[in-house]
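If you read the protein sequences in the order shown, they are chains A and B.
First residue of the first sequence: 0, per numbering that gives the first Met the number 0; consecutive thereafter.
First residue of the second sequence: 0, per numbering that gives the first Met the number 0; consecutive thereafter.
For the record, the hints were derived by calculation from the structure and aren't laboratory data.
Beta carbons: idealized from backbone N, C-alpha and C, even for Gly.
A portion of the hints provided could be inaccurate.
Said to hold, decoys possible - The calculated label-pair distances, taken between Cβ atoms and stated as ranges, are:
(1) A11(B) - R356(A): 46 to 56 angstroms
(2) A11(B) - L136(A): 20 to 30 angstroms
(3) R110(A) - A11(B): 50 to 60 angstroms
As the list claims (entries may be wrong) - Below, a list of computed lysine to aspartate or glutamate pairs in the EDC-like style, where the Cα atoms sit at most 20 angstroms apart:
(4) K4(B) - E451(A)
(5) K382(A) - E166(B)
(6) K382(A) - E114(B)
Now for the letters of each chain:
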Amino acid sequence: MSELSGAILTLEGLSVRLPPGADRPHALSGVSLSIAANEILCVVGESGSGKSMMASTIMQLLPNGVNIDGGRVMFEGRDLAKASATEMRHVRGAGIAMIFQEPMTALNPLRTIGDQIGEMFSIHTDLSRAAIRAKVLALLEDVRIPDPKAAARAFPHELSGGQRQRAMIAMALALDPKVLIADEPTTALDVTTQAQILALIRDLQQRKKTAVLFITHDFGVVAEIADRVAVMQHGSIVEQGIAASVLNAPQHPYTRQLIAAVPPLTSPPPRSLSDDIILSIDDVSKTYRTGGFLGRGARVTRAVKNVSLKLPRGATLGIVGESGSGKSTLARCLVRLIDPDAGAIVLEGKDWAKMAREDVRRETRHIQMVFQDPFGSLNPRRKAAELVAQGPIVHGTPRAKALADAKELFALVGLDPSASDRFPHEFSGGQRQRIGLARALALRPEVLVADEAVSALDVSVQAQVLQLLAGLRQRLGLSIVFITHDLRVAAQICDLVAVMKDGEVVEQGLAGDVFGRPQHPYTRALLDSIPGGAFARQHEAPSLAR
Amino acid sequence: MDALKRYFRSPAAVVGLVLLLIVVAMAVSAGWIYPREPLALAGRPLIWPFSNPRFLLGTDNSGRDIAAQIFYGARISLLIGGVATAIAIAIGVLIGAFAGFYGGWVDNVLMRITEAFQTLPNFVLLLVLVAVFGSTLTTVTIAVGVVSWPAPARLTRAEFLSLRNREFVQAGRTLGMRDIQLILGEILPNALPPVIVYASVVMAVAILLESALAFLRLSDPNVASWGNLIGLGRDVLRVQWYVSAIPGIAILLTVLAVSLVGQGLNDALNPRLKAR
Numbered sequence: 000m001s002e003l004s005g006a007i008l009t010l011e012g013l014s015v016r017l018p019p020g021a022d023r024p025h026a027l028s029g030v031s032l033s034i035a036a037n038e039i040l041c042v043v044g045e046s047g048s049g050k051s052m053m054a055s056t057i058m059q060l061l062p063n064g065v066n067i068d069g070g071r072v073m074f075e076g077r078d079l080a081k082a083s084a085t086e087m088r089h090v091r092g093a094g095i096a097m098i099f100q101e102p103m104t105a106l107n108p109l110r111t112i113g114d115q116i117g118e119m120f121s122i123h124t125d126l127s128r129a130a131i132r133a134k135v136l137a138l139l140e141d142v143r144i145p146d147p148k149a150a151a152r153a154f155p156h157e158l159s160g161g162q163r164q165r166a167m168i169a170m171a172l173a174l175d176p177k178v179l180i181a182d183e184p185t186t187a188l189d190v191t192t193q194a195q196i197l198a199l200i201r202d203l204q205q206r207k208k209t210a211v212l213f214i215t216h217d218f219g220v221v222a223e224i225a226d227r228v229a230v231m232q233h234g235s236i237v238e239q240g241i242a243a244s245v246l247n248a249p250q251h252p253y254t255r256q257l258i259a260a261v262p263p264l265t266s267p268p269p270r271s272l273s274d275d276i277i278l279s280i281d282d283v284s285k286t287y288r289t290g291g292f293l294g295r296g297a298r299v300t301r302a303v304k305n306v307s308l309k310l311p312r313g314a315t316l317g318i319v320g321e322s323g324s325g326k327s328t329l330a331r332c333l334v335r336l337i338d339p340d341a342g343a344i345v346l347e348g349k350d351w352a353k354m355a356r357e358d359v360r361r362e363t364r365h366i367q368m369v370f371q372d373p374f375g376s377l378n379p380r381r382k383a384a385e386l387v388a389q390g391p392i393v394h395g396t397p398r399a400k401a402l403a404d405a406k407e408l409f410a411l412v413g414l415d416p417s418a419s420d421r422f423p424h425e426f427s428g429g430q431r432q433r434i435g436l437a438r439a440l441a442l443r444p445e446v447l448v449a450d451e452a453v454s455a456l457d458v459s460v461q462a463q464v465l466q467l468l469a470g471l472r473q474r475l476g477l478s479i480v481f482i483t484h485d486l487r488v489a490a491q492i493c494d495l496v497a498v499m500k501d502g503e504v505v506e507q508g509l510a511g512d513v514f515g516r517p518q519h520p521y522t523r524a525l526l527d528s529i530p531g532g533a534f535a536r537q538h539e540a541p542s543l544a545r
Numbered sequence: 000m001d002a003l004k005r006y007f008r009s010p011a012a013v014v015g016l017v018l019l020l021i022v023v024a025m026a027v028s029a030g031w032i033y034p035r036e037p038l039a040l041a042g043r044p045l046i047w048p049f050s051n052p053r054f055l056l057g058t059d060n061s062g063r064d065i066a067a068q069i070f071y072g073a074r075i076s077l078l079i080g081g082v083a084t085a086i087a088i089a090i091g092v093l094i095g096a097f098a099g100f101y102g103g104w105v106d107n108v109l110m111r112i113t114e115a116f117q118t119l120p121n122f123v124l125l126l127v128l129v130a131v132f133g134s135t136l137t138t139v140t141i142a143v144g145v146v147s148w149p150a151p152a153r154l155t156r157a158e159f160l161s162l163r164n165r166e167f168v169q170a171g172r173t174l175g176m177r178d179i180q181l182i183l184g185e186i187l188p189n190a191l192p193p194v195i196v197y198a199s200v201v202m203a204v205a206i207l208l209e210s211a212l213a214f215l216r217l218s219d220p221n222v223a224s225w226g227n228l229i230g231l232g233r234d235v236l237r238v239q240w241y242v243s244a245i246p247g248i249a250i251l252l253t254v255l256a257v258s259l260v261g262q263g264l265n266d267a268l269n270p271r272l273k274a275r
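Build out the structure end to end from the sequences listed, making use of the hints.
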């Protein structure tokens, strides 16, 4: 690519070799890009595209067995690929700083925030302790943490996720680095917090004229923040250019495919809903009590407060909300993984909330759940076919028949039936989620509860799984309770939407109404926080099989 | 298969396995090589090793063939090590699994019992059991097993605690599985690898416990065991030290072999830990 004037950090034909036995020989092959001062370059790609590996390569923090085997990393006239460990220690933090996806694990849990930020100065400068303390406070004010003095004294677990990420940013910017590498810094955050952090990064970058290398998988975030974009696939850059032109006129087919997979905010035209209510949730509450002795000093969390919802037969009810809103607790109450304290959950004329354990076990085939984590929700020591056949076997289907049925279910969810004797780790994330779906469908449930079922997947895979769900809903007459934090996903698949906040449903109604004419201020705030909102709205709704 | 390949990549693990196989071979072949009763008088007492070709490792203070006792002793050590370990792991897994899976008061009761056992030194408890129930081979083996279960129980409980809230266990629950199906079919297979590795430690300790018991002449005197031989040699330790030293080396090598195999298994079953 053409050498940009004023480039601060330049990668030239950078290649990184993976150890033998990895899924491809090179993590990065011939990556060339450059970042100038005062610009945000977004590197976007799906998981496994090598975008995080690129960040580690620049910082020379590659895992064992992974080595650079070609190209240069030019920073301030030096090739970092050949820099010694001592030289790199001076570059890291001071020249190039980094913020990570999960601020909780990137911060030391045993030391205060102020200590950890101050460490940057005590390592790289000879400021006095008082001067360091003043600097730390100024930095915390810069990142707009509420009550900086208290925040400096706080331990990481005492801050919220957004505040922790602000502290991380303060730490990264402590020494006014020329380059800031942000590796998915907002992915673990709620949508409203994400919007604030993105605005903060944008604002600080403009004030300090920092060059920011922003790694993300989300085109919404790209639309929100990027000056320029580089799209990565299988370790190479397939397209790069000015943000507006890449987003609006993508050249490479892979870029086009990624952008097409971005869920639009507009919901498809409403379907006619049945009057037959299959699942009705009345006044359900769940309160957690922790600690305390004989009721004194106990911490009480009202996770779900008097929630009432109705799911018509064949419809999809979306429950959206941020983390801690109680939506997952509600989902677990529906399948009785958690026992609700009060209220009724009526399915097929039976009240699930009050059923005895043994009856729940027997009736569980009517309502099944799909879990979030495609890695954690499958027993790693069972073959895929066994996983799918488990449910019917438990309920008395002969083993041979259940295994044969499992192969049919494999075909139903779009997996190769011949792959059914493999172990879960031999499948990709999307395929694993299909196995989880097949397992839930094996009992032929009437109601499916999908708890963040597509949240851990890449956008293109997410779109495929959503399409599959929509198709199955039609073919099997399923009714779905779809729990998600992502409003864009909810807009695509849900007929009805309920917005939850602090355990309460603040707004519910037809998806088109809730997203098109939000009534409650919180719903409006959520919608406004969606990254790249304008970009998402332009986009036409894709054709989910309806 | 991968685990097997990783196992054979480590030289220490292979050495351990070879040593262990040698001990097993000794135990198996004892009857052919030394067809006579190992505790019968065979010759003059206290013949030094390598001085008489009939008694390659010499004779002890009552004139019994040391080599024969070493070979037959391998049987006893492996038997006690194996059976006592099986008993300890079985009790430990059972208690740990229930405590970890159910939590709450079940966990409290079971863990208090475990702690009660742990606060007593193993060996003292073993002495008490042997004193009460007598010192036949059977009681000694069971007693060694009974004093060794608390550590595997705690390990199993820790594994169960972290596994019971995993999504695949919850998925099993939503499929309508009974608790026992969840414990045995879903959680236990995932909790076992560290327990299997720990079994090697239990086995090494079991062999040592029996030897210590025999050294105090509290083990079964009617079987040829390494510990008994060391105990006998105590009387002539200053001059004919070999009587104690030879079985001592046998115990050392066996425990080393078991530990190396355990370490090898650990690296093979938890490859990610090894990579660090």
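Structure-based check of each hint:
1. A11(B) - R356(A): 46 to 56 angstroms: 50 angstroms, holds
2. A11(B) - L136(A): 20 to 30 angstroms: 54 angstroms, violated
3. R110(A) - A11(B): 50 to 60 angstroms: 38 angstroms, violated
4. K4(B) - E451(A): 39 angstroms, violated
5. K382(A) - E166(B): 17 angstroms, holds
6. K382(A) - E114(B): Given pair K382(A), E114(B) is violated - Cα atoms ~38 angstroms apart, limit 20 angstroms.
In this structure, the hints that do not hold are numbers 2, 3, 4 and 6, in rising order.
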